[in-house]
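Please work from the sequences and hints to get the whole structure.
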Amino acid sequence: MLSYQSIQELIEAAVEQDQCISDVVLADQAAALEQDPENLIQTMLQRLEVMRQAVEKGLADAGPSPSGLSGGAASSLRQALDKQQSVLDPVLVQVMAKALAVAEVNAKMGRIVAAPTAGSCGIIPGIVLTVGELQSISDRQIALSLFTASGFGLVIANRASLSGAEGGCQAECGSAAGMAAAAAVELMGGTPEQSAHACAIALKNCLGLVCDPVAGLVEVPCIKRNAGQAASALAAAEMALAGITSAIPVDEVIEAMKDVGNQMSVTLKETAAGGLAMTPTGQAVDARLTEDAASHLD
Amino acid sequence: MNCFDIMGPVMVGPSSSHTAGAVRIGRVARALAGQQPVRAVIRLHGSFAKTYRGHGTDRAILAGLLGFNPDDERIRISPRLCREAGLDYTLQQVTLPGAHPNTAIIELACSDGRQTIVQGASTGGGRILIESINGLDVSFRGEYHTLVISHRDAPGVISRVTRQLAERHINIATMKVFRSFRGGTAVMIIETDEQIDPAVCDNIKHLTGVSQAIWIEPVMF
Numbered sequence: 001m002l003s004y005q006s007i008q009e010l011i012e013a014a015v016e017q018d019q020c021i022s023d024v025v026l027a028d029q030a031a032a033l034e035q036d037p038e039n040l041i042q043t044m045l046q047r048l049e050v051m052r053q054a055v056e057k058g059l060a061d062a063g064p065s066p067s068g069l070s071g072g073a074a075s076s077l078r079q080a081l082d083k084q085q086s087v088l089d090p091v092l093v094q095v096m097a098k099a100l101a102v103a104e105v106n107a108k109m110g111r112i113v114a115a116p117t118a119g120s121c122g123i124i125p126g127i128v129l130t131v132g133e134l135q136s137i138s139d140r141q142i143a144l145s146l147f148t149a150s151g152f153g154l155v156i157a158n159r160a161s162l163s164g165a166e167g168g169c170q171a172e173c174g175s176a177a178g179m180a181a182a183a184a185v186e187l188m189g190g191t192p193e194q195s196a197h198a199c200a201i202a203l204k205n206c207l208g209l210v211c212d213p214v215a216g217l218v219e220v221p222c223i224k225r226n227a228g229q230a231a232s233a234l235a236a237a238e239m240a241l242a243g244i245t246s247a248i249p250v251d252e253v254i255e256a257m258k259d260v261g262n263q264m265s266v267t268l269k270e271t272a273a274g275g276l277a278m279t280p281t282g283q284a285v286d287a288r289l290t291e292d293a294a295s296h297l298d
Numbered sequence: 001m002n003c004f005d006i007m008g009p010v011m012v013g014p015s016s017s018h019t020a021g022a023v024r025i026g027r028v029a030r031a032l033a034g035q036q037p038v039r040a041v042i043r044l045h046g047s048f049a050k051t052y053r054g055h056g057t058d059r060a061i062l063a064g065l066l067g068f069n070p071d072d073e074r075i076r077i078s079p080r081l082c083r084e085a086g087l088d089y090t091l092q093q094v095t096l097p098g099a100h101p102n103t104a105i106i107e108l109a110c111s112d113g114r115q116t117i118v119q120g121a122s123t124g125g126g127r128i129l130i131e132s133i134n135g136l137d138v139s140f141r142g143e144y145h146t147l148v149i150s151h152r153d154a155p156g157v158i159s160r161v162t163r164q165l166a167e168r169h170i171n172i173a174t175m176k177v178f179r180s181f182r183g184g185t186a187v188m189i190i191e192t193d194e195q196i197d198p199a200v201c202d203n204i205k206h207l208t209g210v211s212q213a214i215w216i217e218p219v220m221f
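Residue numbers (our numbering), protein chains in the order written: chain A, 1 to 298; chain B, 1 to 221.
What the hints contain is simulated information worked out from the structure, not anything from laboratory work. As the structure is a computational prediction, the values presented were derived from the model and not from experiment. Hints should not be assumed to be uniformly reliable.
[Unchecked claim] Covered by chain A, per the in silico footprint, the following chain B stretches (three or more residues, Cβ under 8 Å):
1) 2 to 10
2) 15 to 27
3) 45 to 52
4) 55 to 62
5) 68 to 78
6) 90 to 102
[Claimed, not checked] From the structure, some residues in chain A lie toward chain B, with a derived Cβ separation under 8 Å:
7) Ala32
8) Thr43
9) Ser67
10) His296
Beta carbons are placed, not taken as given, at the ideal position from N, Cα and C, and that holds for glycine.
This is the structure:
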């Protein structure tokens, strides 16, 4: 049984058994849940399908969220892509468009997979579905890469936190980026060590990121942070696949993330009492929505 | 915690606490009412009262009252579905000193005139805590099969109830008893590992000293 107390444990198990991290995590979870590994793969395939449906829905629906604060970003990016107006490589634009799509579906009360949370639900689908399409990888292989992402997520949950209220956005969108980067490396045929470096690089690039949602809603800045962190995850995977390593080992980066989260003011941890939430515009939005809420009560 | 807690749950957004948790509080309230209510008064406190429109907390609670799960896409249109199902509802703001910021009080009336009042809090990540039933303080999370038994505070009632479970090899995971005052009304909350047969629930209902027994299925993912 794996303890999920360090990424090093996952790497050692994978290297020792000459397997991918996904194989190691799948076998371990099947044993822990007392289920056939095939059942777990089927469940993960179903979750992948929910992710794909959310992407399609989000790209097609340009309408506003119930609060009126967000909506239409995924559709705009897709149109720019169709018109070939991108500055970036189309692959990166696709990653961002998918991440925006899922995050917008979440804001509009659509069905998503919390990956690892609802607020960060766009990053992992954006990465694995785009890389999967690019490399013509089977859904089964993509589902397997989600076990790698889950294994990394379990370690981060155990050693630090996946919650914005506990660790700020670095713990939500940052963790999702680290998990997505690790999965992307595996999908691209990288080694377990490269997955670990990719996770470390993605996490390092967002240390200190605060959770400051305007009016307390999972929209501003959350939706665009999904796109930004998805891009960062792909950049981290690219660096790791090129052989670039993280000078600080991933387990120590996770510890640092926890430490930064502990030092972060409570006003910057999902309380909507600091950062963007307290800007004049943020406060005006909050006042408008509070008034609107009161006017709809009996 | 396992891989599907990390890569999941599948839920309707936007918030595990303000949407998914709210559905679950509604589901428990419906289960405690024992049938589809015809009238609901929903009182929202704290962050629930302030952000319910953007988070769809009101629609989530109504969906729970209709018996939906947190991943049901009909949550978004639950107000209309409530009207179609003959469930009339009112939404109010309430200030509850010392209560968890995500607290709702749900007052339900059924067609037979029976009333049920439930107070619950959404405590993060979609987890809930039911804190009061019909004015009696209780405490359970809906993670297990749960038996909620209203009874008279008298010697022997608890043993009569647990004997019913023992005879059917149902293992009690946790058990708590709450009473208003000595000899007054009381509530027993029993969480079990096994599913509870409706017949067992019915037998318990007819035991001396017991006035009501309700079985609630787990509402966690």
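Hint by hint, here is what the structure shows:
1. 2 to 10: holds (count 8)
2. 15 to 27: Satisfied; 4 residues make the cut.
3. 45 to 52: holds (count 5)
4. 55 to 62: As far as the region 55 to 62 of chain B goes, the hint holds, because 3 residues have Cβ atoms under 8 Å from chain A.
5. 68 to 78: Result for this restraint: holds, n = 4.
6. 90 to 102: holds (count 4)
7. Ala32: 6 Å, holds
8. Thr43: Given a least distance of 6 Å, the restraint on Thr43(A) holds.
9. Ser67: Since chain B brings a Cβ to about 4 Å from Ser67(A), closer than 8 Å, the hint holds.
10. His296: Cβ of His296(A) sits 7 Å from chain B, so the hint holds.
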